[in-house]
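Here the protein sequences line up with chains H, D, C, W, X, B, Z and S, keeping their order.
Mapping of the first sequence onto this note's numbering: position 44 corresponds to residue 44, and the numbering continues sequentially without gaps.
Mapping of the second sequence onto this note's numbering: position 9 corresponds to residue 9, and the numbering continues sequentially without gaps.
Mapping of the third sequence onto this note's numbering: position 55 corresponds to residue 55, and the numbering continues sequentially without gaps.
Mapping of the fourth sequence onto this note's numbering: position 201 corresponds to residue 201, and the numbering continues sequentially without gaps.
Mapping of the fifth sequence onto this note's numbering: position 107 corresponds to residue 107, and the numbering continues sequentially without gaps.
Mapping of the sixth sequence onto this note's numbering: position 130 corresponds to residue 130, and the numbering continues sequentially without gaps.
Mapping of the seventh sequence onto this note's numbering: position 192 corresponds to residue 192, and the numbering continues sequentially without gaps.
Mapping of the eighth sequence onto this note's numbering: position 13 corresponds to residue 13, and the numbering continues sequentially without gaps.
These are calculated hints, taken from the structure and not from any lab test.
Just so you know, even glycine gets a beta-carbon here, dropped at the ideal spot from N, CA and C.
Hints should not be assumed to be uniformly reliable.
To be verified - Here chain Z is said to cover these stretches of chain W; the calculated rule only asks that three of the stretch's residues, wherever they fall, bring their Cβ under 8 Å from a Cβ of chain Z: (1) 48-58; (2) 195-201; (3) 334-348.
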Amino acid sequence: MKTTVKGRGYIEIDQQRCKGCGLCINVCPHELIKFSTKFNSKGYHPAEFDDPEGLCPPCGFCYRVCPDTAITVFRIVG
Amino acid sequence: MKTTVKGRGYIEIDQQRCKGCGLCINVCPHELIKFSTKFNSKGYHPAEFDDPEGLCPPCGFCYRVCPDTAITVFRIVG
Amino acid sequence: MSEKLMVKGTEAIGESAIRAGCRHYFGYPITPQSELTEYMARRLPKIGGVFLQAESEVAVVNMLYGVSCVGKRVMTSTSSPGFSLMQEGISYMACAELPAVFVNVMRGGPGLGDIQPAQGDYFQATKGGGHGDYRMIVLAPSTLQEAVDLTYISFDIAEKYRNPVLILADGMIGQMMEPVEFPEFVDVEKLKEPDWILNGADGRDPRRITSFDIDPHNLEKIILHLMEKYRKAEENEKRWEDFMVDDAEYLFVAYGTMARILKTVVKLARKEGIKVGLIRPITLWPFPYERIEEMAERVGFILAVEMSTGQMVEDVRLAVKGKTEVLFYGRPGGVIPSPFEVLEVLKKYVKKVRV
Amino acid sequence: MSEKLMVKGTEAIGESAIRAGCRHYFGYPITPQSELTEYMARRLPKIGGVFLQAESEVAVVNMLYGVSCVGKRVMTSTSSPGFSLMQEGISYMACAELPAVFVNVMRGGPGLGDIQPAQGDYFQATKGGGHGDYRMIVLAPSTLQEAVDLTYISFDIAEKYRNPVLILADGMIGQMMEPVEFPEFVDVEKLKEPDWILNGADGRDPRRITSFDIDPHNLEKIILHLMEKYRKAEENEKRWEDFMVDDAEYLFVAYGTMARILKTVVKLARKEGIKVGLIRPITLWPFPYERIEEMAERVGFILAVEMSTGQMVEDVRLAVKGKTEVLFYGRPGGVIPSPFEVLEVLKKYVKKVRV
Amino acid sequence: MERSVIVAGFGGQGVMFLGQVLSLAAMFEGKHVTWLPSYGPEMRGGTANCTVVISDDEVASPVVDKPMDIIVMNIPSLLKFEKIVKEGGYIFMNTSVIDKETQRKDVEVVKVEANKIAEEIGSSKIANMVMLGVYVAKTKVVKPESVFEAIRKKSKKEFIDMNIEAVKKGLEFLRS
Amino acid sequence: MERSVIVAGFGGQGVMFLGQVLSLAAMFEGKHVTWLPSYGPEMRGGTANCTVVISDDEVASPVVDKPMDIIVMNIPSLLKFEKIVKEGGYIFMNTSVIDKETQRKDVEVVKVEANKIAEEIGSSKIANMVMLGVYVAKTKVVKPESVFEAIRKKSKKEFIDMNIEAVKKGLEFLRS
Amino acid sequence: MKNAEKLKTVVFLKRPESLTDKEFTYCPGCHHGIVHRLVAEVIDELKIRERTILVAPVGCSVFAYEFFNVDGTVAPHGRAPAVATGMKRARPDLVVFTYQGDGDLAAIGTSEIIHAANRGERITVIFINNAVYGMTGGQMAPTTLIGMKTTTSPYGRDEKRDGYPIHIPEMLKEFKGVAFLARTTVSDPVEVIRTKNAIKKAFLAQINDLGLGLVEVLSACPTGWGMDPVEATRWVKEVFSKEYKTGVFVDKVK
Amino acid sequence: MKNAEKLKTVVFLKRPESLTDKEFTYCPGCHHGIVHRLVAEVIDELKIRERTILVAPVGCSVFAYEFFNVDGTVAPHGRAPAVATGMKRARPDLVVFTYQGDGDLAAIGTSEIIHAANRGERITVIFINNAVYGMTGGQMAPTTLIGMKTTTSPYGRDEKRDGYPIHIPEMLKEFKGVAFLARTTVSDPVEVIRTKNAIKKAFLAQINDLGLGLVEVLSACPTGWGMDPVEATRWVKEVFSKEYKTGVFVDKVK
Ligand SMILES: Cc1ncc(C[n+]2csc(CCOP(=O)(O)OP(=O)(O)O)c2C)c(N)n1
Ligand SMILES: Cc1ncc(C[n+]2csc(CCOP(=O)(O)OP(=O)(O)O)c2C)c(N)n1
Ligand code: SF4
Ligand code: SF4
Ligand code: SF4
Ligand code: SF4
Ligand code: SF4
Ligand code: SF4
Ligand SMILES: [Mg+2]
Ligand SMILES: [Mg+2]
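Please construct the entire structure, taking both the sequences and the accompanying hints into account.
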């Protein structure tokens, strides 16, 4: 994890809402999302944002395909 | 009524079945059918065949449009 | 009350509904109630109401469901086979607590049957033709004036209990003309909107109207709440007419058209010295069990007469609890027993008892 | 009888129907009976049978009508809301005297309700959810073996009376597994074709199957003919089980899953010195009134227990005619009363009586 | 007192209207009255009929097995209803259309050439009102004034006078 | 004697199969037995469970409010069912998946790293059979031979041996 | 033709064998009767009378099973295609046809006809579109024309309230299960013959195991329309068939 | 992004207001959830939340009224268009939408959707075609592909027995009462945006009093199809949408 924010965006994934379907992982053009190794309380391996290089543009693809509204997408404006 | 049978056909109208709808009258190209002045047992004025000149070809139009299968069409072969 | 008018039963019901503030009617043609649908088709557009002929009775009941959700007075009418098709929807409405007024102008059945007046849908009306634990409140007029009066109050009853109400008539009530007086017009503008309706979650939490709860314990609560309402209806809504019962030694029980005919029989019988009376249930559900039980203790027998093979007679038996003999006479399929015919039946039974 | 198998209730019914010679099944998915539809979808094509998933329950019942007209054994199954949609069609079939077997795997209702086991469709099943004067013959299994056995004979009964027969089960019977033995396969080739079916007017006058006669006097004749059949069914088809009734001082009446649970209660109660027995109606229509009336004369009270707000209890009251007290306990909406819960209720009433 | 009549004829002959005018007249006189039509597909191409019961007391049954009177406007109606008239009852028949005799000997038959009379006033369409006039004159179940009032209430404006005229002709018929 | 168990876990964990094998084993021993699944939309993305009741006598109710035993294969199942186990009952839990402790102090807890054991034989898919082995060893409701017979009856051919192997591992588990 | 009787004659056209002797109960000039005759003629010509089953509807033609000399039943309103499906699935050797009105088929029975067509049931459907509910007294049907007055559209059918005239063949023509689909009239002798040919093909679609055959016949209901029979027949030609174009929509028979 | 927190950020995309907090009960990867979000976004953007009524169906989306932050009810299976008709006729000022599955809309509810469309009811219909009955356990729907195995077509859907996949927009496209009609998928982000636009138009069709708006969304049912979510989503794109062509069939909105 670094502070570089070339892409000028990032996402947050609600670990409880996430059902580990993998649609966001499949769709992220920069491959910035992966499954957590942990279980959430529903028993799923939720998705985790992992963007050490700050590549996320943010394109919002992950948000658009997430069936469980688990993703919030932020733009860095500062 | 004559015995000339130029048209070589004639029809019979079942006076009891006929409901006096007039469709046959309307469709006969030679105007050979008219309403009877009598009532039948249903209370209708049935259609009557009236071909004094033996004009009926027989084209069968009356048969085809009769909703009550009251008409039988004959061909004269003798 | 205004001047007397000579009107057809179907139209009497329609006009009365309009006067009660009903401005929404959805229907599908079926003999012998089509004139009610036609009446509404003529009247409602003229007074800013909504009339729609639906594609089927199944659609009709669901349109009623929709109108009721948004809090408007709504009605339909149909006849026996059409009413069968509404059963799923009625069960939903009862569970979702949606008020509406249904009219079933019964004809001969089962099946396509015929189109003559009959009373074979009593069980369906009172015991629940649809699935699950619910009831309709069932009103059975026996004159056109009563059809007018019961229709007029049916909307209030439906709203009071948040439950479908059924006017159970028959082809005779539907088709005949008789002088009636109509009640005043309710001011539709002044009708209070209920506080449970769906009208947009504006400045409040969303509302949900439903007949569904996946958790049986929650569903049980909903049903017990319905039962509590039904208990109240049983307390408050039972209606019946006593006719020459004070000195009665024998008792008729009948409703609707049949009861109307029996009034003549009562008079004829009394001329021949047979002291018979009549109890005419006006609400078929809730049924006036107690009144009939009281009478059971005082009469030689009770003769239930129906235009069916015997359905209401079961409620009479439930009321009587073995306290007197319960006899039955009925003609199904659209045959209307004549007064003389019933008189003969009565005399036969009286003879037996007296022997 | 063959070896014991551990099967699901829905499948037990399906397999038994196939063994009874049923080769035609039309259905529409609904929980908790979909597995029966699925079972038939797997099995029937393999044995030259006809399986079709229809577009709705309304279509289903009319497809049954069609198959029955041409004289083949046919079945469907559904659950509460779906059964409500079949009422018009069933009324037609009863009037047209068309045999067929229906299965209603009841769930919590009214409305969409829930999908847990319940018994809230008793009235609909036994008093006629459709319009007009007709009945279904209603069989209520309480174990899977009985589900198998009753399904097997239901086709014969339907044909004997030329009337629809209903297997009234609930979600529990439908979903559970239990060991069962299946009866032998009926030889479908050897099933006799009835002489009233539509199979082409070849060398004979055309036949008409109908539920319709515009003349009420003719329709009345048809209905009286139905009633005559029903009278015969009442004479011949009443089935029930006596369970520890010989020395009973109190009596339970319950059917299906509920009766099964009450057997435990009877045993528990007897351990505590309460001599209670159980009568379990197996045919809900015709209902074993006489047997219950007999018992009414010997017991302190009758406690009817249902997974509903109380429907069969009316038939118990009709049977008892005031000869003993009739009490009721029920849980609607898919809640299944536990043996201990019912035992407490029993004890409470026994205490009252003993005081 | 209770008196019942079945009015029957073709669809277009105005038998329903006849019955309704009669009922309304009775209502104006404060009597109990019911009007009941035949309905349904039997009307398809066939006859229509209605039953009117007028009574001092509540009318029990609008359905009548044996009417006191029948007013028949065509042959099928005569054939259908002559069988059920009460002994000593009346058959009013429109002999403009009916060229048959009744089989019944135990009833009084009133023959009216209603179409002819009606045409004299202007149209065979009001043959029904002629019959009504005759019926009222004969049976006196209601007063002529009540009938006129009923006609004023039920008719389209342009037909009121003609209808009253026709009833009047009917009322006079028996005298002539 | 009547003993009841609820088996619960994710859809893919074979809890229904576990229950069915157990039921079949009981049937082979001539016992009365019922198997009842949870059903309907609660299964959507959630847990599945079934209840097995084994008895010397006719089983009254296949529904059990308070089971003697539960076999839980994941956390949601533990959370849901630990509350209703009878006092003095048993919780069999698959600790390969469940990294939580139960709150109940009044029951006996049997912890099995079932996935791990199963994987040693070949596949975590047969963790259910490991649990069954443990369960049978502990409760002795049925004999191991009956379980093997049930497996032979219910399993696809290619899995019979592996399943039996897994049950055997489970049977041995308590001894180790 | 008194004297003609002495001549040798042959019957040229007469009541088909597949009709019973019973007189139709339809109103004078009702086209139901014409279509009945055509269906019977086709059954005669195809020699299938002995294995044909009629499923009559609820509507004016509820009595149809008394008029056809074949086995028959009356389906609940709108459900004839489902009843026919059951029959045909159980006895594919029989020839099953439904005879339905527009209220029956295009209103309450919409679902049943669509799914029967979609499944390609081997049945024949004769569909009488007369723009109204005849039987129940001339109410609006889904096929009623815009502006047309009926007992339930007393001020004329209003498209915004009541929707548009529904076109069944246009809706079904893409369905792969349909093997023959046509709309015709019987408003003159030539149209009558066309209708008969269409009906024949609709039966052949079934007999040749190709799929569902349906013929919509635009029919006069003089009573429901308040017209005399000749006027009503003319109206079919001049007005009714302008909204509902006649023609063959699908023909896989030949 | 721990350190990112120190940067100034704005929310770009987040859960719409018109959803409640309740977690969806759908299976992992079920497209119902995506469509829910899109509908909610549209309601947010059109600022109609306070006057919108949802009519949920019977199907997996039976719980939908718990997820949307608007007034709602559950209609009997298939009857949502009739319920919505009642509501809209009585309160034309409200915005009424139905949300229906393919079993609900294209099987048992065929008649109701067709007649609502024919009448041009001012309602919006979101139609989720996932080729199966999800809720009841993956049975065949009228939309199931030929050859596809389901619990009630265990040997694959057979066109002769079970009929053909039914195409709702193709059937409705000639209906004059329909003001917007489209088929879309949510199988990738671009399609998601297309779907959202279509849904918006389907609402505008109602709001602008033009007629009925309907969007069919080809949706993945991983559970019913026995696929994992990614596979199922791919199948929508590669197989499912070959049978059901996406596109706009009717657009009277602009
Ligand atoms: C469930 C049900 N609803 C309504 C009716 C009443 N009904 C009988 S026929 C008919 C309509 C007939 O119209 P159509 O199908 O167009 O036939 P037509 O009479 O015009 O030939 C209706 C609504 C019924 N019998 N059953
Ligand atoms: C009258 C009736 N029949 C059947 C059912 C059972 N049922 C519930 S949901 C459903 C089908 C749902 O399938 P679909 O509409 O495609 O929605 P999905 O679950 O696939 O989203 C059925 C048949 C019911 N509730 N009511
Ligand atoms: S916004 Fe785009 S780049 Fe960023 S995580 Fe989501 S899909 Fe990947
Ligand atoms: S798409 Fe949503 S639910 Fe699926 S894995 Fe990603 S965050 Fe989780
Ligand atoms: S056959 Fe032709 S010419 Fe002869 S009467 Fe008939 S229509 Fe006229
Ligand atoms: S067409 Fe037939 S019914 Fe009509 S008038 Fe001619 S013969 Fe008579
Ligand atoms: S009402 Fe119309 S369709 Fe019915 S018989 Fe008369 S003319 Fe024919
Ligand atoms: S069953 Fe299918 S449609 Fe239903 S929630 Fe699961 S994935 Fe979605
Ligand atoms: Mg019609
Ligand atoms: Mg679906």
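query: Looking back at the numbered hints, which does the structure fail to meet, lowest number first?
result: Checked against the structure, the only hint that fails is number 3, while the rest are satisfied.
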